[in-house]
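As you go down the protein sequences, you meet chains V and B in turn.
For the first sequence, the residue numbers in the working numbering are 187 to 384.
For the second sequence, the residue numbers in the working numbering are 17 to 331.
Please note: incorrect hints may appear among the correct ones.
Said to hold, decoys possible - Here are a few chain B residues that face chain V, going by a calculated C-beta distance under 7 Å: (1) G220; (2) I286; (3) A291; (4) D294.
What the hints assert, rightly or not - Under the rule of at most 27 Å between Cα atoms (straight-line distance), these lysine-lysine pairs were calculated in the DSS-like manner: (5) K378(V) to K302(B); (6) K240(V) to K220(V); (7) K381(V) to K302(B); (8) K200(B) to K325(V); (9) K268(V) to K241(V); (10) K237(V) to K268(V); (11) K241(V) to K287(V); (12) K319(V) to K241(V); (13) K379(V) to K240(V); (14) K240(V) to K205(B); (15) K292(V) to K282(B); (16) K221(V) to K243(V); (17) K305(V) to K302(B); (18) K319(V) to K199(B); (19) K268(V) to K106(B); (20) K302(B) to K300(V); (21) K237(V) to K379(V); (22) K287(V) to K200(B); (23) K106(B) to K220(V); (24) K336(V) to K282(B); (25) K319(V) to K232(V); (26) K243(V) to K188(V); (27) K325(V) to K336(V); (28) K237(V) to K205(B); (29) K131(B) to K379(V); (30) K381(V) to K319(V); (31) K305(V) to K138(B); (32) K325(V) to K339(V); (33) K292(V) to K200(B); (34) K200(B) to K378(V); (35) K325(V) to K302(B); (36) K205(B) to K305(V); (37) K325(V) to K232(V); (38) K300(V) to K205(B); (39) K221(V) to K240(V).
Honestly, the hints are just simulated from the structure, not real lab data.
All residues carry an ideal CB built from backbone N, CA and C; glycine is no exception.
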Amino acid sequence: MKKQFLIFSVLLIFMLTTVAYAGVPLNTVEKTVKKVLDVLRDPQLKAPAAKEIKKQKLRTIYEEMFDRIEFSKRTLARNWNKFSPAQRAEFVNLFEQVLEKAYIDKILDYSNEKIDFYKENMVSENQAEIQSKIITAAKEIPVYYRVILKDGKWRVYDVVVENVSLVQNYRTQFNEILSDQTPEQLLEILHKKVKTHD
Amino acid sequence: MILYGSSFMKLQLSLILLYILLLGCAHSPNHSSDTGQAKSSSPPGVLLASNSDLLPVKQADELNDAIHEEYKDDEHPDYADDANKKEKVKIADPIEPFNRAMYHFNDRLYFWLLKPVAQGYKAVVPEPARVGMKNFFSNLGFPGRFLSCLLQADFTGALTELGRVTVNTIWGVGGLLDPAADKKLGLRKQETDLGQTLGVYGIGHGFYIVWPFLGPSSPRDTLTIAGDYFIDPLSYIELWYAVAGIRFYDVINSTSLRLGEYESLKDAAIDPYIAMRDAYIQYRWKKIQERQIKSLLFKAGGEADAAEDLASSNK
Numbered sequence: 187m188k189k190q191f192l193i194f195s196v197l198l199i200f201m202l203t204t205v206a207y208a209g210v211p212l213n214t215v216e217k218t219v220k221k222v223l224d225v226l227r228d229p230q231l232k233a234p235a236a237k238e239i240k241k242q243k244l245r246t247i248y249e250e251m252f253d254r255i256e257f258s259k260r261t262l263a264r265n266w267n268k269f270s271p272a273q274r275a276e277f278v279n280l281f282e283q284v285l286e287k288a289y290i291d292k293i294l295d296y297s298n299e300k301i302d303f304y305k306e307n308m309v310s311e312n313q314a315e316i317q318s319k320i321i322t323a324a325k326e327i328p329v330y331y332r333v334i335l336k337d338g339k340w341r342v343y344d345v346v347v348e349n350v351s352l353v354q355n356y357r358t359q360f361n362e363i364l365s366d367q368t369p370e371q372l373l374e375i376l377h378k379k380v381k382t383h384d
Numbered sequence: 017m018i019l020y021g022s023s024f025m026k027l028q029l030s031l032i033l034l035y036i037l038l039l040g041c042a043h044s045p046n047h048s049s050d051t052g053q054a055k056s057s058s059p060p061g062v063l064l065a066s067n068s069d070l071l072p073v074k075q076a077d078e079l080n081d082a083i084h085e086e087y088k089d090d091e092h093p094d095y096a097d098d099a100n101k102k103e104k105v106k107i108a109d110p111i112e113p114f115n116r117a118m119y120h121f122n123d124r125l126y127f128w129l130l131k132p133v134a135q136g137y138k139a140v141v142p143e144p145a146r147v148g149m150k151n152f153f154s155n156l157g158f159p160g161r162f163l164s165c166l167l168q169a170d171f172t173g174a175l176t177e178l179g180r181v182t183v184n185t186i187w188g189v190g191g192l193l194d195p196a197a198d199k200k201l202g203l204r205k206q207e208t209d210l211g212q213t214l215g216v217y218g219i220g221h222g223f224y225i226v227w228p229f230l231g232p233s234s235p236r237d238t239l240t241i242a243g244d245y246f247i248d249p250l251s252y253i254e255l256w257y258a259v260a261g262i263r264f265y266d267v268i269n270s271t272s273l274r275l276g277e278y279e280s281l282k283d284a285a286i287d288p289y290i291a292m293r294d295a296y297i298q299y300r301w302k303k304i305q306e307r308q309i310k311s312l313l314f315k316a317g318g319e320a321d322a323a324e325d326l327a328s329s330n331k
């Protein structure tokens, strides 16, 4: 009797965890986005002076959410091999900065649009695509997050906005640049871009 | 997540409505920016404002180790077997110098003409009125969308468009409002045009062209501009300068609703010309995939899960 009960409860736990696992990617992304929205909506941080604090808080969230190496690596694809390890590290860092400077102000401009996570597609056993949409006054904007499972955590490695993949878009740009310039020169270009933004 | 919305469908709308070469209307290469969550996670202690060339040694080492760890067996990160490889769409760009010149021309046109005028217009006219005008012009685009749906054998879409134009014209005060898209009716605009129709039939782009005023295009999409001209109700107004004025107004109106998008694109891009070209290709390709799924003739071409995506996202 005891043995059967034990087996039964183990099976039950197993089944429950399997069921819970099915929605993990979507839940992970949704929870993280909600954290971002909480920071953006925080009434105590409304003042312009609090902008830096908001940025810092958002940074810690992004660190969790994105797999920056995967993201950066995919934008270089074959060209990754042309970079030395030190150059790769610098690339990952510079690219992040480029993205942050490009998008942080827009994110801070958020004004209570509704974000709806409605679908999760398992592309393979460790990759998924989470579909969401932002509902503004004038239109609906589809935003898909592509996530990969590494070390037990689901992290974002690509964002697809209105059918345009960010990774693909940058990959094309970098490919073009690297077809007649060296990795060092690309790093210099990224560096300049980060500087001009300040 | 903040997005300034519209995408190449707006570009396409402009392509349909603006026969600038004939009438002198201007169109700027507006395009939705590839906004996404800022992918930032600077190592603690490295200020983003820092202009130092070198990472602090310790962080560089950690990052190096992380990179080595992850990819030591990975000789060729090509992602050829990546689950999302279906998106590797490309286009040839044999006339790149010309295209880049045209891109710069359109860029100047936007910043020197369209943007100032649109900003002035925006300051004077409240947003609901401008959205109303956008709906009005969109309603006029019915023949183009309806015909395209029919040609693509998407009869549901054609009927939806028919429903939309009826409801919006009668209950939507001549097209100023868009009650058809409300939850109860759920008749969504079928974002399609003749260029997509050709694409659905398997005709490729050809190569990349940037037209002055009109923006990104290709031989296939350019052919359809002529076709679209004949479907556009505005083309049948007798006074050419009246039509020109109306079309220019439409451009300014839609630009005023999308100010900031083009700037975002430029800002986020390392090479804005390429960013725009790539976004154009991706967007058009995806649209054609979606249209194929909706088409009765080409349904088999689309993938099953993409059909599901569409079904759920069209709710």
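Okay, the hints, checked on the actual structure:
1. Of the supplied interface hints, the one on G220(B) is violated, with its beta-carbon coming no nearer than about 18 Å to a beta-carbon of chain V, more than 7 Å.
2. The criterion of a C-beta within 7 Å of any C-beta in chain V is met by I286(B), whose closest approach is roughly 5 Å, and the hint holds.
3. Interface hint status for A291(B): upheld, as the beta-carbon distance to the closest one in chain V is roughly 6 Å, under 7 Å.
4. At its closest, the beta carbon of D294(B) sits 4 Å from a beta carbon of chain V; the interface hint therefore holds under the 7 Å criterion.
5. Note on K378(V) and K302(B): the hinted pairing is violated, with a Cα-Cα distance of about 33 Å set against a maximum of 27 Å.
6. With a CA separation close to 15 Å, the supplied pair K240(V) and K220(V) stays within the 27 Å bound.
7. This hinted pair does not check out: K381(V) and K302(B) have alpha carbons roughly 35 Å apart, beyond 27 Å.
8. Simply put, K200(B) and K325(V) have alpha-carbon atoms about 17 Å apart, close enough for the 27 Å limit, and the pair holds.
9. The hinted pair formed by K268(V) and K241(V) fails the criterion: a straight-line CA distance of about 33 Å is larger than 27 Å.
10. For the given pair, K237(V) sits about 38 Å from K268(V) by alpha-carbon distance, which is inconsistent with the 27 Å threshold.
11. For the given pair, K241(V) sits about 11 Å from K287(V) by alpha-carbon distance, which is consistent with the 27 Å threshold.
12. Restraint check for K319(V) and K241(V): the C-alpha separation of about 23 Å stays at or below 27 Å, so the hint holds.
13. Pair hint K379(V) plus K240(V) holds up; C-alpha atoms about 23 Å apart against a cutoff of 27 Å.
14. The straight-line distance between the Cα atoms of K240(V) and K205(B) is roughly 38 Å, outside the 27 Å bound, and the hint therefore fails.
15. For a cut-off of 27 Å, the pair hint linking K292(V) to K282(B) stands: about 14 Å separates their Cα positions.
16. Restraint check: the Cα-Cα separation between K221(V) and K243(V) comes to about 10 Å, which is no more than 27 Å; the hinted pair holds.
17. The suggested pairing of K305(V) with K302(B) holds, with an alpha-carbon distance near 18 Å, which does not exceed 27 Å.
18. Between K319(V) and K199(B) the CA atoms are separated by roughly 16 Å; this keeps the pair inside 27 Å, and the hint holds.
19. The hinted pair formed by K268(V) and K106(B) meets the criterion: a straight-line CA distance of about 22 Å does not exceed 27 Å.
20. A hinted pair counts as satisfied when its Cα atoms are at most 27 Å apart, and K302(B) with K300(V) qualifies at roughly 25 Å.
21. A threshold of 27 Å between alpha carbons decides the hint, and for K237(V) with K379(V) the separation of about 22 Å falls inside it, so the pair holds.
22. The hinted pair formed by K287(V) and K200(B) fails the criterion: a straight-line CA distance of about 41 Å is larger than 27 Å.
23. At roughly 35 Å between alpha-carbon atoms, K106(B) and K220(V) are farther apart than 27 Å, so this suggested pair is violated.
24. Annotation: proposed proximity of K336(V) to K282(B) is violated, straight-line Cα distance about 33 Å (limit 27 Å).
25. Between K319(V) and K232(V) the alpha-carbon distance is near 25 Å, which keeps this suggested pair within the 27 Å criterion.
26. Restraint check: the Cα-Cα separation between K243(V) and K188(V) comes to about 51 Å, which exceeds 27 Å; the hinted pair is violated.
27. Of the supplied pair hints, the one linking K325(V) and K336(V) is violated, its CA atoms being roughly 35 Å apart against a limit of 27 Å.
28. For the given pair, K237(V) sits about 39 Å from K205(B) by alpha-carbon distance, which is inconsistent with the 27 Å threshold.
29. Restraint check: the Cα-Cα separation between K131(B) and K379(V) comes to about 24 Å, which is no more than 27 Å; the hinted pair holds.
30. Restraint check for K381(V) and K319(V): not satisfied, since their Cα atoms lie roughly 33 Å apart, outside the 27 Å limit.
31. A threshold of 27 Å between alpha carbons decides the hint, and for K305(V) with K138(B) the separation of about 36 Å lies outside it, so the pair is violated.
32. For the hint linking K325(V) to K339(V), the alpha-carbon distance of about 33 Å lies beyond 27 Å, and the restraint is violated.
33. Taking the CA atoms of K292(V) and K200(B), the gap is near 32 Å; set against the 27 Å cutoff, the hint is violated.
34. Straight-line distance between C-alpha atoms of K200(B) and K378(V) comes to about 52 Å, which puts the hinted pair past the 27 Å bound.
35. Taken as a hint, the K325(V) and K302(B) pair is honoured in the structure, with Cα atoms around 19 Å apart against an allowance of 27 Å.
36. Between K205(B) and K305(V) the alpha-carbon distance is near 22 Å, which keeps this suggested pair within the 27 Å criterion.
37. The hinted pair formed by K325(V) and K232(V) meets the criterion: a straight-line CA distance of about 26 Å does not exceed 27 Å.
38. Proximity of K300(V) to K205(B) is assessed by CA-CA distance (about 21 Å); at most 27 Å being required, the pair is judged to hold.
39. Proximity of K221(V) to K240(V) is assessed by CA-CA distance (about 12 Å); at most 27 Å being required, the pair is judged to hold.
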